[in-house]
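> Residue-level listing of the chains:
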Amino acid sequence: MFDPKLHKDLFSKIKLEQKATRDGFGLGLVEAGKQDARVVALCADLSESTRTEWFQKEFPERYVELGVAEQNLAALASGMANYGKIPFIMSYAAFSPGRNNEQIRTTISLNNFPVKIVGCHAGLSVGPDGATHQALEDIGLMRMQPNMTVLVPCDSNEAYKATVAATKHNGPVYIRLAREKSPVFTTEETSFEIGKAQIFFDGHSYSGKLPEVGIIACGSLVYSAILAARELAEEGVSVSVMNLATIKPLDTQSIRKFAKDCGGIVTVEEHQVTGGLGSAIAECLASDFPRPMEFVGVHDRFGQSGTAEELYKEYGLTVSDIKIAVKKVRARK
Amino acid sequence: MSFIPPHTIKELELKANEARMLVVDMLEDAGSGHTAGPLGIADIFTALYFHSAKHDVHNPDWEERDRIILSNGHIVPIRYAVMALAGYFPIEELKTLRKFGSRLQGHPERSKIFALETTSGPLGSGLSQAAGIAYAGRMDNKKFTTFCLMSDGEMQTGNIWEAAMFAGKNRLSNLIGIIDRNNIQINGMTEDVMPIEPLKDKWESFNWHVIEVNGNNIEEVVYAIDTARAIYEKPIMIIAHTIPGKGIKEIEFDYTWHGKPPTKEEEQKFLKELRTLRGKIESTHHD
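Those sequence lines, one after another, are chains E and F.
Just so you know, we're using the working numbering here: the first sequence kicks off at 1 and counts up by one.
Just so you know, we're using the working numbering here: the second sequence kicks off at 1 and counts up by one.
Heads up, a few of these hints could be off.
Covered by chain F, according to a simulated footprint, are these stretches of chain E (three or more residues, beta-carbon under 8 Å) [unchecked claim]:
id, stretch
1, 59 to 68
2, 76 to 82
3, 103 to 110
Okay, derived cross-link-like pairs now, DSS-like style, lysine-lysine, Cα gap no bigger than 30 Å in a straight line [what the hints assert, rightly or not]:
id, chain 1, residue 1, chain 2, residue 2
4, E, Lys196, E, Lys257
5, F, Lys234, E, Lys57
6, E, Lys13, E, Lys327
7, F, Lys143, E, Lys168
8, F, Lys143, E, Lys57
If you are wondering where the hints come from, they were derived from the structure by calculation, not from laboratory data.
Every value quoted in this text rests on a predicted model; they were computed, and no experiment measured them.
Beta carbons: idealized from backbone N, C-alpha and C, even for Gly.
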């Protein structure tokens, strides 16, 4: 059916708590600070909205204020990591890694320093702020850099676990977070491991039919993918859903098996389809296991002001858009 | 003003001269690279590695070592030369500069040689890294000093001033910046390309203590670093006025030598001139 370690009321959106991934990150950073005295938090004038202030309250001597200076944010963190600290750098994804890409590349990734780059308010769901603040390229930027690990947690619980795991990972990590609240559908018991994909919804056991299409998603849209899979099952279409929290390094073994089992793939992400999760999957499958694919994501457009819901509709990221993509793939098989 | 005995100054001058010869030699061999900057900053690197900085060639990761950060990575040939003279790697290895498989990359990479401390090339981010090291060291009550060498052209980047603000705000007195003020950059003279003056005023207004020296006078450089170490409450910027291409009269002050290596013929001519200079240092110095 679905991963038994997910929330027992998985399909009842009302019963699920609504929490932003940035909240899980904020708690995770405090926990990381408790576990390792080398953890320091650097923030570019956004400590409240990135939830860095929770760490700041707990460990004021390990909080570093940078002001509105994202290039310095990255390069200074490189220096602190060079000395022996484990710096987390917090800003909005549109600015970091949006503005400081070169500093991250040269001073962090090339040195393989354990700096954790936390890009908050990523994606369209930041809403009213408009296109300037809606980072839709950050996964692509970060996954192109050698040594970088890229994590996109699907809910607040996973963001917590990703933050703690990133601290223990000896290398640079990019963590992509959202401002908007979304259903908390995983639990404390749901497993999380960097580099491991998870099947959250198994079409075979849910509908008794072998899956015809597999959906691979990241971020809060994983939940939309699960809802889509359930509705499709009611309509007689068997679909499985994979949560791909680690975009890099890619769990190629699980992805190949998933594609083999499902025969066709739909990728779902709140990011440009060029360079993001969909591209990563396509690169993986094209080389030795090509299957029909559809890409749910932003297609070469900038965002705009609006509510998250309005924007998901405008840019084709709703449950119904996912269902249409699944049917397209099914028809192409 | 001499804090060091004349024979030491003479030794340092000879070392710098030797390093210049190695630079000319290695650049001709490499067939590409930068000539003017490395020759101009030779005296400062020599002063750091052979006198002013705390470091241990046998323990490059010694926790208490002073950190020498090179922000303008393109002048790294002089650092390679001085480090080789100091024993960090064999002199013969300098011949591998910029070649496939070499540890001596065209721009410095820490992953190839740990003692380089950082990776640099894209301009403007060295001071941020140096400030990060200095800040982290101070968190742990470490006593080492972090030096950051920069070019004057770098003053045109925004990142430098973000770091300047940070270090000024946090009174990082364990951070000593050194600007190689040689007035040239690829497209011409700095004041024509994009003026950076009044440089001293700029740094002072960012809450730094500024010292100006003749960067080709080793005695002045050593004295400035001693002075800088004695200053508390503020980060220190040493503006070192240098002559690009220093040591070889026909290329001194010529910005067209910023980014090219000597030919085989030029190499022979330049080395001859540097040998003559060595003779002068040996014979005329006050000891």
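> Looking back at the numbered hints, which does the structure fail to meet, lowest number first?
none
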